[in-house]
Structures are given as C-alpha cells and as structure tokens.
Amino acid sequence: MGESPRQIVVLAAAFALMVALPAIASAMARPDFVTLGSQIAIMAIAVASLDLLMGRTGLPSFGHAAWLGLGGYTVGILAFHQADLPWFVTQAWFAWPMAILVPAALAAGIGALCLRTSGISFIMITLAFAQMFFFLFIALKAYGGDDGLSMRRRNALPGIAPRDDVAFYYVCLAALVLVLFLLRRIAASRFGAVLDGIRQNERRMMAIGLSPYPYKLAAFVMSAAIAGLAGALHVNLFRFASPDLLHWTMSGELMVMVVLGGLGSLWGAVFGAAAMVLLHSLLAQWTEHWQIVLGPILVAVVLLARRGLWGALGGPKGGQ
Amino acid sequence: MTLLLEQLLNGLQFGVMLFLMAAGLTLVFGIMGLINLAHGSLYMIGAYASAWATQQTGSFLVGLGAGLAAAAVLGMALEAAILRRLYARDHLDQVLATFGVILFSNEAVAMIFGRQPLMAGPPPWLSGSVEIVPGVPYPVYRLAIIATGLAVAGGLYLLIAHTRIGMLVRAGATHRELVGALGVRIGLLFTAVFGLGALLAGLAGALTGPLLAVQVGMGERILITTFVVIVIGGLGSVRGALAGALLVGMVDTLSRAYLPTTLRAVLPASDADALGAGLSSMAIFILMAVVLLWRPRGLFPAHG
Numbered sequence: 069m070g071e072s073p074r075q076i077v078v079l080a081a082a083f084a085l086m087v088a089l090p091a092i093a094s095a096m097a098r099p100d101f102v103t104l105g106s107q108i109a110i111m112a113i114a115v116a117s118l119d120l121l122m123g124r125t126g127l128p129s130f131g132h133a134a135w136l137g138l139g140g141y142t143v144g145i146l147a148f149h150q151a152d153l154p155w156f157v158t159q160a161w162f163a164w165p166m167a168i169l170v171p172a173a174l175a176a177g178i179g180a181l182c183l184r185t186s187g188i189s190f191i192m193i194t195l196a197f198a199q200m201f202f203f204l205f206i207a208l209k210a211y212g213g214d215d216g217l218s219m220r221r222r223n224a225l226p227g228i229a230p231r232d233d234v235a236f237y238y239v240c241l242a243a244l245v246l247v248l249f250l251l252r253r254i255a256a257s258r259f260g261a262v263l264d265g266i267r268q269n270e271r272r273m274m275a276i277g278l279s280p281y282p283y284k285l286a287a288f289v290m291s292a293a294i295a296g297l298a299g300a301l302h303v304n305l306f307r308f309a310s311p312d313l314l315h316w317t318m319s320g321e322l323m324v325m326v327v328l329g330g331l332g333s334l335w336g337a338v339f340g341a342a343a344m345v346l347l348h349s350l351l352a353q354w355t356e357h358w359q360i361v362l363g364p365i366l367v368a369v370v371l372l373a374r375r376g377l378w379g380a381l382g383g384p385k386g387g388q
Numbered sequence: 034m035t036l037l038l039e040q041l042l043n044g045l046q047f048g049v050m051l052f053l054m055a056a057g058l059t060l061v062f063g064i065m066g067l068i069n070l071a072h073g074s075l076y077m078i079g080a081y082a083s084a085w086a087t088q089q090t091g092s093f094l095v096g097l098g099a100g101l102a103a104a105a106v107l108g109m110a111l112e113a114a115i116l117r118r119l120y121a122r123d124h125l126d127q128v129l130a131t132f133g134v135i136l137f138s139n140e141a142v143a144m145i146f147g148r149q150p151l152m153a154g155p156p157p158w159l160s161g162s163v164e165i166v167p168g169v170p171y172p173v174y175r176l177a178i179i180a181t182g183l184a185v186a187g188g189l190y191l192l193i194a195h196t197r198i199g200m201l202v203r204a205g206a207t208h209r210e211l212v213g214a215l216g217v218r219i220g221l222l223f224t225a226v227f228g229l230g231a232l233l234a235g236l237a238g239a240l241t242g243p244l245l246a247v248q249v250g251m252g253e254r255i256l257i258t259t260f261v262v263i264v265i266g267g268l269g270s271v272r273g274a275l276a277g278a279l280l281v282g283m284v285d286t287l288s289r290a291y292l293p294t295t296l297r298a299v300l301p302a303s304d305a306d307a308l309g310a311g312l313s314s315m316a317i318f319i320l321m322a323v324v325l326l327w328r329p330r331g332l333f334p335a336h337g
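Chains as they are written, first to last, in my numbering: chain E, 69 to 388; chain S, 34 to 337.
To be clear, the hints were calculated from the coordinates, so they are not data collected in a lab. Careful: at least some of the hints might be erroneous.
[Said to hold, decoys possible] Just so you have them, the derived chain E footprint on chain S, three or more residues with Cβ under 8 angstroms: (1) 104 to 110; (2) 137 to 145; (3) 251 to 264; (4) 309 to 321.
[As the list claims (entries may be wrong)] To give an idea of the interface, some chain E residues facing chain S are shown, with a C-beta separation under 10 angstroms as derived from the structure: (5) F148; (6) G213; (7) D312; (8) I365.
[What the hints assert, rightly or not] Just a few of them, taken from the derived set where beta-carbon distance is under 7 angstroms, the chain S residues facing chain E: (9) I68; (10) R118; (11) F132; (12) G133; (13) P167; (14) L326.
Ideal placement from N, C-alpha and C gives every residue a C-beta, glycine not left out.
Model the full assembly from the supplied sequences, consistent with the hints where possible.
In structure tokens form, the structure reads like this:
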C-alpha cells in the first residue's frame, strides 16, 4: 500500500497538527479544540476498526455501534458498581481491557451467526443485533435507560490527573497511533492478505484451499474489540455513557466515515473521522438544521467521490 | 380470551400496515436491486401530507389523497434525481446515499412542520367501535385499515400475477437485462414500480397517522421493522413480504401485550415492565436472527 508523495506530506502535516493541537488551542484560548481533537482521535479508532471489516474483508456491517456502545457501557457499569467491587475496576489498566474483551466475546458469538449470511442479509442482521443491544440498554433502568449513565470521574491512569483534558487527549492520540500501527501490521501479514483475497473473490480463496469463515470471524472479533476500546475512550471523554452510542444512526455514520475517508485505506479512516467530526461541529454552530446540509453532502460523496478523501489525495491512480 | 382476540386483531392490523411498507421495498429490491433506506421517509411524507391536508380541509379523504399524491410524486422525483444512479452500484453505496436522503428529508420536514407532532384523529364516520363478537368491541378505524390492507394485498396479487405490467415486473425480477434486451422500456418500468412502492408507503403513512403521533423519526422506526419483515420473508418476494409482515406484526404485538405481565410473575412490577418493554422490542430481531439461521435466504426466497 505505497503512499504517493503528496499523501506522505499530508500525513506528516496532519500528524504534526494533531501533536501540536493542545498548544495551538491554548494559544488561541479555545480549550474546546482539545475535546474536538480527542473526539476525532476516538472516532478515527472506531472508523479504522470498521474499515478492517468493510474495506479489507468486504463485510459491510451496519451494526458497528453495538461494539462502541458495549465497550462504553462496560467502563460505565464498572464505575457505577465501584463501591461493591475491588478498587482496581476503575483503573484504566483493568477497565479498558475489559471494554475490549466484552465486545470481543459477544462478537465471537454474534459474528458466528451473522457470518452465515452474506450481502444484504449480512447488512440487515448486523443491524438487527445492534438494535437488540440498543433496546436492551434502553430497558435497563438500573443503568439509566434512556437517560444514559454518567461516570463521576475518568478511569485512573498512572501519572495522569483525571481532570486533565490535554493529557487525556494525548492518551487518545497514543491509542490511535497504536491501533493504526496494529492494523497496518495486520494488513501486511498473511492474515491480512487472506482477508484481501476474501474481499476480492471468496470462491477463489476456497479453491486454493482456505476456509474463509474462520478468517472472517477473526476479523469480525478484532474489529469489535478495537471498537470497544473506542467506546471506552468516548465514555471517558464525556464521562457519560449514552444509548445514542448504540443508536443505528451511529452505525450509519461510522459507515459514512469509512467511505468518506476512502474504503480500505487505513489513513483514510483518520481523515474520514476528522472530516465528519469537524463538519458536525461547524454545521451545528451555523444552524440547528445542520442535517439538511449533511444529507446532500453524503449523497454527493457517494455519487461523485468514490475513492474518498484519501484516494483523492493520491492522484489519478488512487492510494492503493 | 377477549384480550387475546383484541391483540390478535391488533397484530393483524400492524402486520397489514407493515405489508404496505414491505411490498414496495421488496419490489424495488427485487426488480432494481436497490436497498432504499429512504422508504421510511416516504411513509413519513405520506403521514405529514395527509395530516396537514386533513387539518386544512377537514376532510379525511382529501387528506388521504394528498398523502398518496405527495408520497408518489416525491418518490418518483427522488428516483429520477438520485436513486436511478444507484441501481448499478453495490449495496453499500445505496445504503449510504439513501441514509443521506433520510437526514435531509427528516430535517426538511422538521423545518416545514416544526418538531411538535401533528395530531389527526380518525374521521367521525370511522371512529367509535363495533362489537366483532358479542362483548368484544373493536375500533372501526383499525378494522378499516385491516380491510384496506387486505384489499391492497389482493390487488397487488392480481396486478402481478394477471396483468401485462405484472408480467414485466416478474420478468424484471428474474432477468433484468434480458427484459431490457427484449425491447421493454426498462427505465419507465423502474420509475413506475418505484412510484407504486412510494404510493403504498404513503398509504401506510396516511392510514397510520390517526393512530400515532405524526412526527419526525417515525419513518426510521417502521423502516427498520420493515427490513426485518422483508429479510424474514425473503428479499424481493411479495408473497414473502406478506408472510413476514403478518408474522412480525403478530410477534411484536403479542410480545408487547404479554411479556411484561408474564415477567411480573417473577420480578417486581417496575423492573418487569421495563425489562418486558425492552425484551418485546427485541423480540422481532430475535425472530429474524432465528429465521436467518434456519433459512439464510428467508422464508420465500425470490430467486431460485
């Protein structure tokens, strides 16, 4: 996946901007930029995880919000019960791996069922399972139901003050870099090559003696696990677990961000997430009816800009 | 026993309503290969246009006509402007573009009509209830919906199985390109089918309006249920849509009616109600998962 010179320049500039963001924000006296930056980093993790499924394996899941929500509610619920549980449940070193393991375990079961279908049925059955979790958390009045579950303070990280937004931003950025590094290693591995092959032609993969099902399931579980981390960070950022995280429009928006950035391009995930989060916040400042602008933009992106932002940067041949 | 009869009729009414939605969605999928999330928006437009026209003129029938016309006209305009370009694309593109259409149409309706729900009760000549069996009163309006829905189902069957247009529709569902090659003006056929689907969605919206609050977001709620229906029934199959709609209508209505009371036997009342509401919302999705696992292509797969 060699990048074009232009893409490398943009990537370096974007990374420098992300690193320098807190300094810029304090120079401009706009601390809200740091929150926006954290949101971009967190969404980029979620989008990158979905791209592993959609872009690499060719499995368009319409229920990715479920994993985000499950990861988020895992840390939220652990914090809610902290009085009755051992002290370490609110420590990041315990809560965040749990937020990865819980979605991964559920994804192993649900993925095993969903992957029996393909095409449009796969889109619909993943949507159905996500809706089940949405309605479940709406019904769980003990954990806030409709109103969501707030968290008194962020999960404790050694050496970091829980109220320090800048430090938390760097934590999110580090998590993003780690996830991108991991996904890039996966893409370059034999496993990644099999996923590519499954996307391009599943029947040929079977013909050369590989059974696609376990590979697809492994991709499904990894994708859910990474999304769980994004959910945990999201809930930590706002100290609030909302059922909106599980809503089907969240799944839709994640898909949009994957395509906006460029399907199958890992860096594109970051740009897609950044574009969407910035667009949201700009349009929402400008008008209450921001969706009336966002909707046509989505239609135009799908109809006209097939390769997404990252592909458009790559020149005539595209980024891949 | 009377409660059960009442709930069965409610389930039938909901199922019939779902069929009106599912028939259009599944025809469009079967013939054009398009998965149209904006189908729920057409339902919402039908409901708004009809509630608004009823309030303005005081006549339910004028409102109904306005709802049907608005949904059909806007539906065909949508097809010509955007959706036509998506037929050859993969499902992912279709989902995303029509997701954009939903965002746009929800916001447009909110700007025109405001966020307060519109209320429009059934017309005087359809309000009140009758005793279907001695001692069991049932609202006339709901009976009228059931009758309309069943009549539409019958009409669709005649249209598809016994007319020339229906023959083209069936042929188009199996071999789209071949029908075009035989000299049928396929673009016109597609617009007509899409218009028919939009009309049925508008009808569903206009008829449901007096039962529920007409509000932004009503389209998505029924859309997702409709998807469950057509996936259970088998994508592209109108027969499957009918079976799926009645099954989903019954399961949803009966689980909402009986799950909370059943749970009260084992749980405290407030917990039982909340959990029951959650579980009954999940019931149709569980049904869909079970059906898909048993028959990955639905109950009545359209293409052999």
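Hint numbers contradicted by this structure: As far as the earlier hints go, 1, 5, 7 and 13 are violated by this structure, in ascending order.
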